[in-house]
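Asks: Sequence:
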Amino acid sequence: MSNHDPKQQKLNVRQLEDNDGGRFPLSRRDLIKTGAVSAVALTAPAAFGITDPPATPPPDISHLTLRVNGKTHPLELDTRTTLLDALREHLHLTGTKKGCDHGQCGACTVIVEGRRINSCLTLAVMNQDVEITTIEGLGTPDALHPMQAAFIKHDGFQCGYCTSGQICSSVAVLQEMKQGIPSHVSTDLLSPTPISAAELRERMSGNICRCGAYSNILAAITDVAGSQT
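In our numbering, the protein residues as written are 15 to 243.
It is possible that some hints are incorrect.
[Unchecked claim] Computed cross-link-like contacts, BS3-like style, restricted to lysine-lysine with a CA-CA straight-line distance of at most 27 Å:
| hint | residue 1 | residue 2 |
| --- | --- | --- |
| 1 | K85 | K112 |
| 2 | K167 | K112 |
| 3 | K167 | K192 |
Source of the hints: derived by calculation from the structure; they are not laboratory data.
Can you make the complete structure from the sequences, with help from the hints?
Replies: What follows is the structure, encoded as structure tokens:
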């Protein structure tokens, strides 16, 4: 008989449905029963001894003081609040940007006690009573910081989203070099020769500009560095 015989195909289907010969571990009737029990279990978990998970405990609140841009701010924050979120959401200093939130793009760079950090990677409670400087504290539209003016002069930005972090990082970079802090490409920081592009690229590598304005950013930093010598 042909494998495509309609009568034989119907017989095979009937054998599967009736669990003839043990071809299926469950008969059609048992399968329907199992499905019905599963549906009841999903809609009535308590009937099977399944209870709701315990309620999440309330957050731990910390009373702290942040010194930002020369001003003191008493705050009550969840101990899990990052410095970035404290600045943006609680102090409304939105110049510091949230980019990747993983410490990889540098958009959230601020200056803490003269050193640049990624504010998304540190908790607000870890920065109590230290001096924090954001882009708002470097200059104002009427009195720009030299680095801000240089970024405008050399067109060191396009969309501008990363610019506050770039500028804070640039200011801190020049301070690092004055203090003799080396980088991976440093040879002689005391040399009177102009700062090399390789040196600046290395130090600024943690600040990403997705618009690709790197050459203009380097020109702005070099301009400020030259005016400070």
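Asks: Look at each hint and say if it fits the structure.
Replies: Outcome of the hint check:
1. K85 <-> K112: holds (22 Å)
2. K167 <-> K112: Between K167 and K112 the Cα gap is close to 26 Å, so the pair holds against 27 Å.
3. K167 <-> K192: holds (24 Å)
Hint compliance for this structure: no hint is broken.
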